[in-house]
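Student: Each step along the sequence shown adds one to the number in my numbering, with nothing skipped, and position 124 is 124.
Certain hints may be false.
Said to hold, decoys possible - In silico DSSO-like pairs for lysine-lysine, Cα to Cα no more than 30 angstroms straight-line:
| hint | residue 1 | residue 2 |
| --- | --- | --- |
| 1 | K216 | K177 |
| 2 | K214 | K151 |
| 3 | K97 | K242 |
| 4 | K203 | K41 |
| 5 | K203 | K242 |
| 6 | K242 | K29 |
| 7 | K220 | K169 |
| 8 | K136 | K214 |
| 9 | K214 | K203 |
| 10 | K97 | K136 |
| 11 | K203 | K220 |
| 12 | K242 | K177 |
In short, the hints are calculated from the structure, not lab data.
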Amino acid sequence: MKKIVQILVFAALACACTPQAFTMLVEQKKLSSVGIDLSGKSVSVVYLETGDARGDAFAASFADGLAQGIEAEFYEGERSINVFSTPRDRSGNYAAKDSLVRFIMETESDVVFLVDNPAGDVSRTFLYDSMNPQDKVIRLEGEIKEVNAEKNDDMFKSSAQHAGLQLSKLFQLEWEKQPIHIVYYDSGRWLEAADYAYDFQWKEAMKIWLELVKTKNVEKASCAQYDLAVGCYMLGRYQLAKEWLELSEKTCPLGISKDLMEKIEALL
Numbered sequence: 001m002k003k004i005v006q007i008l009v010f011a012a013l014a015c016a017c018t019p020q021a022f023t024m025l026v027e028q029k030k031l032s033s034v035g036i037d038l039s040g041k042s043v044s045v046v047y048l049e050t051g052d053a054r055g056d057a058f059a060a061s062f063a064d065g066l067a068q069g070i071e072a073e074f075y076e077g078e079r080s081i082n083v084f085s086t087p088r089d090r091s092g093n094y095a096a097k098d099s100l101v102r103f104i105m106e107t108e109s110d111v112v113f114l115v116d117n118p119a120g121d122v123s124r125t126f127l128y129d130s131m132n133p134q135d136k137v138i139r140l141e142g143e144i145k146e147v148n149a150e151k152n153d154d155m156f157k158s159s160a161q162h163a164g165l166q167l168s169k170l171f172q173l174e175w176e177k178q179p180i181h182i183v184y185y186d187s188g189r190w191l192e193a194a195d196y197a198y199d200f201q202w203k204e205a206m207k208i209w210l211e212l213v214k215t216k217n218v219e220k221a222s223c224a225q226y227d228l229a230v231g232c233y234m235l236g237r238y239q240l241a242k243e244w245l246e247l248s249e250k251t252c253p254l255g256i257s258k259d260l261m262e263k264i265e266a267l268l
């Protein structure tokens, strides 16, 4: 989550006993075009060897390019992704979840990419993210006609590596400006928490909201629950954010929860 890029549109009411709100425009991370976020996850790349020299050379170079591209985006370019090879079992179904789960366990990774030998002019890569709630294998294919046209071995390997690098770009992060609303009361600890939120000190703000949520005033309790949902969302704890938001709606509907719920559910 990036820092505030535009500051505040106030929608404040005069009475201190009435909830008020301010809006912060922030840059929020969008899911990649594949629908997978690799941030904070351990990743391994496995490529299959068939004994075909050219096919194996493609798979090895493609896997290396894929790993380098992901490292550049998520690991500041440091070599952090292990690349493994394994013999291809002709009877194996490498598009099946069980096959990918086995590689997850063997590599001790959260995410595994399995690079198969190409099928003609089409590259084949299978992805399984063990932390993805959808719990499915994603198949990725790419056109490699120009790679196969290379006759020189070094140029062929370089082109295959570039093809792997291009595939990694499907996982690049995108950012978009989104409004985030903070609810508060014009008094004491509420203002202190709002100041922390304004400065992006979410953990400090949440400590106060956790105190304020204990009030017997259902409207104030709901406001604190809503703000806790915002804090969790901004810290990337989306499931917990959803739970706080649902509790807020159950305690006392505020009329501003729908937008936040849509943002949260888009990331679950």
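Student: Compare the structure with each hint and give your call.
Tutor: Here is what the structure says about each hint:
Among the hinted pairs, K216 with K177 is inconsistent with the structure: their alpha-carbon atoms are about 36 angstroms apart, more than 30 angstroms. Between K214 and K151 the alpha-carbon distance is near 72 angstroms, which puts this suggested pair outside the 30 angstroms criterion. Restraint check for K97 and K242: the C-alpha separation of about 28 angstroms stays at or below 30 angstroms, so the hint holds. For a cut-off of 30 angstroms, the pair hint linking K203 to K41 stands: about 22 angstroms separates their Cα positions.
Proximity of K203 to K242 is assessed by CA-CA distance (about 17 angstroms); at most 30 angstroms being required, the pair is judged to hold. In summary, the hint linking K242 to K29 is supported, as the alpha carbons are separated by about 17 angstroms, within the 30 angstroms threshold. A distance of roughly 45 angstroms separates the Cα atoms of K220 and K169; the hinted pair therefore is violated under the 30 angstroms criterion. Between K136 and K214 the alpha-carbon distance is near 41 angstroms, which puts this suggested pair outside the 30 angstroms criterion.
About 18 angstroms separates the Cα atoms of K214 and K203, which keeps this hinted pair within 30 angstroms; it holds. Note on K97 and K136: the hinted pairing holds, with a Cα-Cα distance of about 7 angstroms set against a maximum of 30 angstroms. The hinted pair formed by K203 and K220 meets the criterion: a straight-line CA distance of about 20 angstroms does not exceed 30 angstroms. Proposed proximity of K242 and K177 is supported: the alpha carbons are some 21 angstroms apart, at most 30 angstroms.
When the structure is compared with the earlier hints, violations turn up for hints 1, 2, 7, 8 and for no others.
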